[in-house]
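Chemist: Sequence:
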Amino acid sequence: MEDLKVSEQGVGVEKGGQFDENEEEEDSPFEIVRIAVSNKDNPDTPCLTFRSWVLGIIFCAALAFVNQFFYFRQNPILLGGYIVQLLSFPCGYLMALVLPKKKFRTFGKEWTLNPGPFNIKEHVLISIFAGTSVSTVYGIDVTVIKKLYYKSPLGFGPSILFCLTTQVMGYSFAGLSRKYLVYPAAMLWPTTLISATLFRTFHEIQNFGGRMSRTKFFWIFFVISFVYYIVPGFLFTTLTMIPILCIAAPNNIIANHLGDGYNGLGFMALTLDWSTISNAYTQSPIACPFPMACNVFAGFVLFIWIVTPIGYYKNTWNAGNLPIYTSQLFLPNGSDYDIEQVMNGEHLSAEKYADYGPLRMTFQFGFTYGVGFAGLITLIVYIALHHGKDIVQRFRQSRSMDDDIHMKLMRRYKEVPQWWYMVTFAITFALSIVTCEVWHMMNWYYVVLATALPFIFTIPIGIIQALSNQQPGLNVITEFIIGYAKPGDPIANVTFKVYGYITMTQALSLLGDQKLGHYMKIPPRSLFIAQLVGTIICAFVQLGVSYWLMSTVKGMCTPEGYPVTCINTNTFYSASVIWGLVGPGRMFGTESPYHSMLYLFILGLLVPFPFWYLSKRFPNSWVAQINIAVIFNVVGNLPPAPTHDYVWFFVVCAFTNWYVHSRWNGWWQRYAFAFSAGMDSGLAISGIIIFFAFEHVKLRWWGNSPDGHCPLSMTGFISS
Numbered sequence: 001m002e003d004l005k006v007s008e009q010g011v012g013v014e015k016g017g018q019f020d021e022n023e024e025e026e027d028s029p030f031e032i033v034r035i036a037v038s039n040k041d042n043p044d045t046p047c048l049t050f051r052s053w054v055l056g057i058i059f060c061a062a063l064a065f066v067n068q069f070f071y072f073r074q075n076p077i078l079l080g081g082y083i084v085q086l087l088s089f090p091c092g093y094l095m096a097l098v099l100p101k102k103k104f105r106t107f108g109k110e111w112t113l114n115p116g117p118f119n120i121k122e123h124v125l126i127s128i129f130a131g132t133s134v135s136t137v138y139g140i141d142v143t144v145i146k147k148l149y150y151k152s153p154l155g156f157g158p159s160i161l162f163c164l165t166t167q168v169m170g171y172s173f174a175g176l177s178r179k180y181l182v183y184p185a186a187m188l189w190p191t192t193l194i195s196a197t198l199f200r201t202f203h204e205i206q207n208f209g210g211r212m213s214r215t216k217f218f219w220i221f222f223v224i225s226f227v228y229y230i231v232p233g234f235l236f237t238t239l240t241m242i243p244i245l246c247i248a249a250p251n252n253i254i255a256n257h258l259g260d261g262y263n264g265l266g267f268m269a270l271t272l273d274w275s276t277i278s279n280a281y282t283q284s285p286i287a288c289p290f291p292m293a294c295n296v297f298a299g300f301v302l303f304i305w306i307v308t309p310i311g312y313y314k315n316t317w318n319a320g321n322l323p324i325y326t327s328q329l330f331l332p333n334g335s336d337y338d339i340e341q342v343m344n345g346e347h348l349s350a351e352k353y354a355d356y357g358p359l360r361m362t363f364q365f366g367f368t369y370g371v372g373f374a375g376l377i378t379l380i381v382y383i384a385l386h387h388g389k390d391i392v393q394r395f396r397q398s399r400s401m402d403d404d405i406h407m408k409l410m411r412r413y414k415e416v417p418q419w420w421y422m423v424t425f426a427i428t429f430a431l432s433i434v435t436c437e438v439w440h441m442m443n444w445y446y447v448v449l450a451t452a453l454p455f456i457f458t459i460p461i462g463i464i465q466a467l468s469n470q471q472p473g474l475n476v477i478t479e480f481i482i483g484y485a486k487p488g489d490p491i492a493n494v495t496f497k498v499y500g501y502i503t504m505t506q507a508l509s510l511l512g513d514q515k516l517g518h519y520m521k522i523p524p525r526s527l528f529i530a531q532l533v534g535t536i537i538c539a540f541v542q543l544g545v546s547y548w549l550m551s552t553v554k555g556m557c558t559p560e561g562y563p564v565t566c567i568n569t570n571t572f573y574s575a576s577v578i579w580g581l582v583g584p585g586r587m588f589g590t591e592s593p594y595h596s597m598l599y600l601f602i603l604g605l606l607v608p609f610p611f612w613y614l615s616k617r618f619p620n621s622w623v624a625q626i627n628i629a630v631i632f633n634v635v636g637n638l639p640p641a642p643t644h645d646y647v648w649f650f651v652v653c654a655f656t657n658w659y660v661h662s663r664w665n666g667w668w669q670r671y672a673f674a675f676s677a678g679m680d681s682g683l684a685i686s687g688i689i690i691f692f693a694f695e696h697v698k699l700r701w702w703g704n705s706p707d708g709h710c711p712l713s714m715t716g717f718i719s720s
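Going by UniProt numbering, the letters in the sequence shown line up with residues 1 to 720, in that order.
Hints listed in this document are in silico derivations from the structure and should not be mistaken for laboratory results. All the pointers check out, no bait thrown in.
The calculated lysine-lysine pairs, modelled on DSS-like cross-linking and capped at a C-alpha distance of 30 Å, are:
(1) Lys414 / Lys101
(2) Lys151 / Lys486
(3) Lys414 / Lys102
(4) Lys414 / Lys179
(5) Lys147 / Lys486
(6) Lys698 / Lys554
(7) Lys408 / Lys179
(8) Lys352 / Lys151
(9) Lys151 / Lys554
(10) Lys103 / Lys40
(11) Lys147 / Lys698
Using the sequences and the accompanying hints, generate a full structural model.
Modeler: So this is what it looks like as structure tokens:
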């Protein structure tokens, strides 16, 4: 009878795998990896099992549904991978208890529903499977704006082709880059080490000294969050954003501007809603180190609470007759910009544009683009100054360093042939050209150009992310390229951006999961199957959710459709007008009031140097904690993000990750992430049930005010 053992593989059956004892004594050359990742492996541990298939598909589809459902809401939330880590563990354990162990033979291969105790490799593979649904499919926004904004709907068939090609093409780039970004020991991917530590925490014996388990703690706060969310989510929606200044002075326009958390600066806006604190914009405050949260809040205060009111109330760019905070677009007189007045079909008419009037943005929205220009350059310079030597050294090591223990252990498994990824790329590339040409999204040569960008940048930006956790984005670059190459065509602009920018982002996300699989000794072919199938499931589910909402929610993406107001999609649409329909030549040219924003590229080049010098001069002071790249990139989601979200994100992070962490560190280590996961999960499930149960019920009273108690926040201070 086989002995049961507890190891890094979980409570499982040791079947006498082939081990090289000398190899088992080796470890990673990097301390951070040695602490988080085991240097042992049992190649006989089952991985791609019936349990991992069932739970992987269920959690993948569930996360895809929930994240896309909430993506369009006024305060979107995002369920992360740690939710799957927490929930799949008891599910897998239960399946190991109840499923029969009878063996079956199919196509000459023997398999079983229950190969024994639920193990860590199954757990990791389930999380990677579901991890493909952690983010929403970016290309869906193209489908939504075509239907709801440009009134030229794209059918489900071409939409799913578009989404699949952008998502799966990124997967092929990930596979072709793994030799440089996954296999070398020097490519650390620090965030995956956190996940590896959490997996080992689940599967190694933990003694809490009679205290409550993490799982029980999770379920307690899941229930609390689930029950409570009916109050801010339906009965008393003002609790999501309590604008003290607006309530005190509803007819004072400055109080409305400063106090509104949705269309103002969120000053003194309170909340009793967890979705304000942890959502798609800020993520969980408990998962953010306190020094990093300080940088985020510093950037918020600088650009939202200081620069924005100064520039706005000085009537910079004659923006005083526009609102203070929105991504909506206007005429110079403050009226909404009607793009139908300047279009011929789906393209800009220069004559109509000249007759109708130039496009104008709010001061804050226009300045955010300038800060974004600076932020891109700042990030690159910051990484070069603070991590440049390390990146060069690690890259050289990755080319010359011998295989570390983890690579040696992974050589026991069959590798994924390179041609699998090449065929995947060839198919998706061909389908991309067909999709774009047949449905007139953009010409084939723009597909070639867009695809060349991730081909060029995935490896260098992947090296930066693998070593510094920072990912310079290609969104500004792609918008500039296609905006100048094909002005007046908004759909071509956003299509090019998706292929050029999101393909690389998707590739890097999948590469991070591949590194996690590498650390946890997941067989490469099992990982290939899980990621590919998960990516396809995610695309179908999220696109299906989007079409369902568009067909059932009256007034979707308008105030009438509250809470399905699509603040993310509104910003995406505005970007399509700015960069595509009107084009950067008109928006940022020498005749434009926003031309000065281009000079912020130079500011981004210069500003990291003094902070780098101070960090070297005073390495043990608080100055060394300043991350100027984070400060300049924090406004990327402002708008569409509600401003008060960032305030309460910082408050809760300060309480949990500074005060509680320093005074009750043991409690924080045991329960902090379980608390966050329970609150996020309970809220998400409650929100879905509220939507279905009360879809046609509208509670009209003071606590559910449609204007959020700030009736003047969308009014300019000059026009008032």
